[in-house]
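Residue numbers (the working numbering), protein chains in the order written: chain B, 1 to 108; chain A, 1001 to 1152.
These are computed hints drawn from the structure, not numbers from a lab. Mixed in with the good hints there might be a few duds.
What the hints assert, rightly or not - Quick partial rundown of chain B residues pointing at chain A, CB under 7 Å, derived from the structure:
#, residue
1, 6
2, 65
3, 66
4, 74
5, 79
To be verified - Some chain B residues flagged as far from chain A (calculated, every beta-carbon gap over 12 Å):
#, residue
6, 4
7, 12
8, 13
9, 20
10, 39
11, 59
12, 63
13, 68
14, 84
15, 96
16, 104
17, 108
If you're wondering where the values come from, they're calculated on a predicted model, not measured in any experiment. Think of the CB as a built atom: it goes at the ideal place given N, C-alpha and C, for glycine as much as any other residue.
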Amino acid sequence: MAVKPRIKLDKKEAKKGDLVEVKALVSHVMENGLRRDASGNVVPRKILNKFTCTVAGKQVFAADFETAISANPYIQFKFKAQESGPVVLTWTDDDGSTIVGEETITVT
Amino acid sequence: MTSNFNRRQALALGAGAMTAAVFGASSSPALAKNDAEEAIKKFTGGKTPVLGKIKLDLPEIAENGNTVPMTVTVESPMTEQSHVTDVLIVADENPRSGVVTFHFSPASGVAEANTRIRLAATQDVIAVAKMNDGSVFIASKQVKVTIGGCGG
């Protein structure tokens, strides 16, 4: 089942030096490894543990998530508009798989 | 009332009374039950953080510990010469203290991030910020939690 993140930039075009706000939401259970199922067995940990955002190939923000990040993790941050290009958001699961979303920023 | 002896001892060396007051004022009578202090020490490399520069925005009372909105902002010009590099967030009474670590750079523009966190019970959320010049800052906020959010 493909998981598509929901990404919103507060502006698609920016002047160089402007701050662009990014909001992103992705569906993920963020299983913290402390919960027990109906039979009393511990449900193993499975979270998205890393988030990165690059703009025109350069990292502008990153976060290491621990098990205390809520399910369906939400992240909001800003970056300084420098050059036009893809805004790529990547979440990495404990199992190594990734969820990627992309937007574009045009800088004048 | 004895409160957070370990943390007080650790922080008393540096910023002294001011820092200790942060924890004394807002923490519960019990000692930190988890590895929060070790996590902070590991992050700072043993350096004593100074109170200030960080704005930690959390509700006074969280109705649902499963999803508590949190915004952390660190005062900094975010230039090549002076910027925040990392911000550690720990919760001192969750089963595990680690919540999130944010990584900033001058390209971030501002050292600010917002996310939603899980809090098991009423406790302090502590933010520690590292700057590119090696200086370290700290702030904490108590959140009262009515329904705990760690699935236990």
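Fill in: Contradicted hints - numbers only
When the structure is compared with the hints, numbers 1, 9, 11, 12, 13 turn out to be violated.
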